[in-house]
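If you're matching them up, the sequences are chains A and B in order. Residue numbers for the first sequence follow the working numbering, so the first one is 1 and each next one is one higher. Residue numbers for the second sequence follow the working numbering, so the first one is 1 and each next one is one higher.
A portion of the hints provided could be inaccurate.
Derived CB-CB ranges, DEER-like [as the list claims (entries may be wrong)]: (1) B/Lys18 with A/Asp216: 23 to 29 Å; (2) A/Lys341 with B/Lys18: 31 to 37 Å; (3) A/Asp320 with B/Lys18: 50 to 56 Å; (4) A/Asp258 with B/Lys18: 55 to 61 Å; (5) B/Thr13 with A/Tyr451: 26 to 32 Å; (6) B/Thr13 with A/Ser78: 28 to 34 Å; (7) B/Thr13 with A/Asp320: 56 to 62 Å; (8) B/Ser14 with A/Gln228: 37 to 43 Å; (9) A/Asp248 with B/Thr13: 54 to 60 Å; (10) A/Glu285 with B/Glu3: 24 to 30 Å.
Heads up, incomplete: computed chain B residues facing chain A, CB under 7 Å, no partners named [said to hold, decoys possible]: (11) Thr12; (12) Thr13; (13) Gln21.
Hints in this document: simulated from the structure, not taken from any laboratory. C-beta: ideal position from N, C-alpha, C; glycine also.
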Amino acid sequence: MFNLEELTNQFKKISLDKNIEPFDAAVALLAMTSIKNCEKEKVYLYKIVSSKDMTWIREVSLQELAIRLHAIYQFKPSSIRGADYAELANRLINAETEPGGPYRASEKDAFTTNALIAQLFVSLKAPLPKINTYLLECIKVDPQSSFDKFSIWAASWPNELINISRGYGASNHSLHKPIRDYAIMLTSNQPTLIAAEIRPENRVVIHIAKDIEKLDINLKLYAEKIFQGVKKADKNHEISMLSKVFMDSLDIENQTNDHLAHILGVSNFYAWIAYTIYDDFIDDEGNSQYLPIANLAHRLSLQNYLSVVNSAKLEEVIFDAYYSVDAANAWELQNCRAQIKSKSIYISSIPHYGDGDFLARRAIGHILGPIIITQNIDGSTNKQKIEIKDALKHYLIARQINDDMHDWLEDLQNGHISFVVSYLLKSCGIKDGKHSLKILSGTLKTYFWHYGIEDISKIVITHTEKSKEKLIKTGIMKSDSAFISNFIQPIEDSARDALLRHRDQLEFLRSYNST
Amino acid sequence: MIETLHSVLTDTTSRDSKAVQANLVEQDSAGAPWYT
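Chain A with its partners taken away, still in its complex shape:
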């Protein structure tokens, strides 16, 4: 009997077989999903499974189709395009015994085929429960089943589709396919769920948690709740570590100042706590229980910022930033609200967001740390400082529009005319006045799908590109900096993803055989 390491090594070795067939390559790739340090083997198998083009989707058996798509999805989901999913739909509909399955295959292959299809859809997070019922029926009808080991594996890896022991009914005879025997052995030692990596908390988050611990008991309850909320929003450390990453990304010697970066991180985190609560009030969703926390957090944010600056000029920069946020919020309240009453929306005027500068002013507090760091750079010119601030504003605008793109329907239904809602209203030629919310939503949704996703994603990309270009052009920021790759690039990737997905959807629509 092998231990896991020996087994993995053996498995890796036979995976590189020159004559391996695509079906078995898919089995191997799927079995390796959570095995680390086998990138070479995975890439080799992936190439065989995906083949040069995806025409095989129309030609292979349903079970081969399911396992190959599943293996590809686990390894590189973006390589399955809209047309491929449409072809999958066409093939499954043609083979269905009823909507949602099970699907027809030869008697010998029916169980395995359906199990492999069900596995694919569980991984796609769109399960087909009728197949599970069918699999259970098969087991009941044939309790002394002669299901081979592979069939049982198909129903239990990587998801336990039905309550069935992996040893159930299966003989220990070899499958005459060593790769499948190894896949079964290998996965029998693996848990069906891959545990998420636990990331250690950073110093800023620990600092805030300790502060909250010291609070009066009446403050502590709501402080803890909002702290957890902001911590969740800080999942890529864009709040707590923005200043630290910005500082480390500068192409200047002797600029590292851990204390400064830490305090700027703490200040930003407190500002996020304060403005998360204030924003709820601005959106008429405020809970007064949180108000004392907002005031406290706002004060602590300001206090921390002021503690690390030593000039009246920098103090002015800080107060100007806060003023900018307040003025922008006031503008939003006066210009970007529509009344919602009895399923109708009353639009008094559609706000003009122009080039999006308003969005930057409203969120400028978020980049206050990097602005302070820039002001402190010895020997940098005023032009460079202005260019950096300008670049950071483009980052803020891109970030906000990308978020608005996700929330626009909810914003409309709450009477909040965000950048994206304003764009849609104008693009659809909607006039001021009373509108049925249902009809208006339908009109805007259709426009959004046909044109909005493309247009708005491109606006986001324009801002991220300008932000990166301006930062690099100053000569102060490294082109391969973590600031760009951690905070600006993900926004751009998200917008490019939206474009890609939308084009995939159009492809799906074109390739899908309407019935």
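For this one, chain A is given, so just place chain B on it according to the hints.
Relative to chain A, chain B alone:
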């Protein structure tokens, strides 16, 4: 798109091309899946 694929497989009323397009439009407005 996966939601649309699931709908056409499980619900026969979602299968004509107009219903597929309506489904895609609805999904994108309901909260874009690209947002994380």
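So, going through the hints one by one against the coordinates:
1. Between B/Lys18 and A/Asp216 the CB atoms are about 60 Å apart, so this pair departs from the stated range of 23 to 29 Å.
2. Hint check: A/Lys341 to B/Lys18, Cβ distance near 32 Å, so the stated range 31 to 37 Å holds.
3. Look at A/Asp320 against B/Lys18: about 53 Å separates their beta carbons, and that is inside 50 to 56 Å.
4. Hint check: A/Asp258 to B/Lys18, Cβ distance near 60 Å, so the stated range 55 to 61 Å holds.
5. Checking the proposed 26 to 32 Å range against B/Thr13 and A/Tyr451 shows it holds: the Cβ atoms sit about 27 Å from each other.
6. Take B/Thr13 and A/Ser78: their Cβ atoms lie about 30 Å apart, and the range 28 to 34 Å holds.
7. Range check, B/Thr13 to A/Asp320: Cβ separation about 58 Å, and the 56 to 62 Å hint holds.
8. Our hint of 37 to 43 Å for B/Ser14 and A/Gln228 holds, since their Cβ atoms are close to 39 Å apart.
9. Judged by the Cβ atoms, the range 54 to 60 Å given for A/Asp248 and B/Thr13 holds: they are separated by roughly 55 Å.
10. Range check, A/Glu285 to B/Glu3: about 28 Å between beta-carbon atoms, so the 24 to 30 Å window is met.
11. With a cut of 7 Å, the hint placing B/Thr12 at the interface with chain A holds, because the nearest CB-to-CB distance is about 5 Å.
12. Given the 7 Å rule on beta carbons, the hint for B/Thr13 is violated: about 10 Å separates it from the nearest Cβ of chain A.
13. Evaluation of the B/Gln21 hint against chain A yields a held restraint, the C-beta minimum of about 6 Å falling below 7 Å.
Consistency with the previously given hints fails for numbers 1 and 12, ordered from lowest to highest.
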